[in-house]
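Visitor: Sequence:
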Amino acid sequence: MDPEKAQQIVESLGVVEVLYFGSPVWIEKVEGEDANVRYLETGDQIRVPVFELVEGGSIGGEGTLKS
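For the sequence shown, counting from 1, position 56 maps to 56 in the numbering used here; every step adds exactly one.
These are calculated hints, taken from the structure and not from any lab test.
Quick caveat, the model's predicted, so the values are computed rather than measured.
Careful, some of the hints might be misleading.
Calculated lysine to aspartate or glutamate pairs in the DMTMM-like style (CA-CA distance at most 20 Å, straight line) [claimed, not checked]: (1) 5 <-> 33; (2) 5 <-> 28; (3) 29 <-> 44; (4) 29 <-> 41; (5) 5 <-> 17; (6) 29 <-> 4; (7) 29 <-> 55; (8) 29 <-> 11; (9) 5 <-> 34; (10) 29 <-> 17; (11) 5 <-> 52; (12) 5 <-> 41; (13) 5 <-> 55.
Generate coordinates for the entire structure from the input sequences, incorporating the hints supplied.
Guide: Shown next, in the form of structure tokens:
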């Protein structure tokens, strides 16, 4: 994923599935080419390169992004 797309997801009103090596994460903040993410299953937070994040799809809600 590129940094611009990651920022769009952060600003989206909907929920967009994002995966980090197959695990669902929530993007907390994008800074340049890195992102702070939280694992949905454990709540653990890590900083990762944005290009390692993969958009899975829209989960629901108004304002969801379309690829």
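Visitor: Hints first: check each against the structure and report whether it holds.
Guide: A quick look at each hint next to the structure:
no., hint, verdict
1, 5 <-> 33, "holds, 11 Å"
2, 5 <-> 28, "holds, 14 Å"
3, 29 <-> 44, "holds, 14 Å"
4, 29 <-> 41, "holds, 18 Å"
5, 5 <-> 17, "holds, 13 Å"
6, 29 <-> 4, "holds, 12 Å"
7, 29 <-> 55, "holds, 16 Å"
8, 29 <-> 11, "holds, 10 Å"
9, 5 <-> 34, "holds, 12 Å"
10, 29 <-> 17, "holds, 15 Å"
11, 5 <-> 52, "holds, 13 Å"
12, 5 <-> 41, "violated, 23 Å"
13, 5 <-> 55, "holds, 9 Å"
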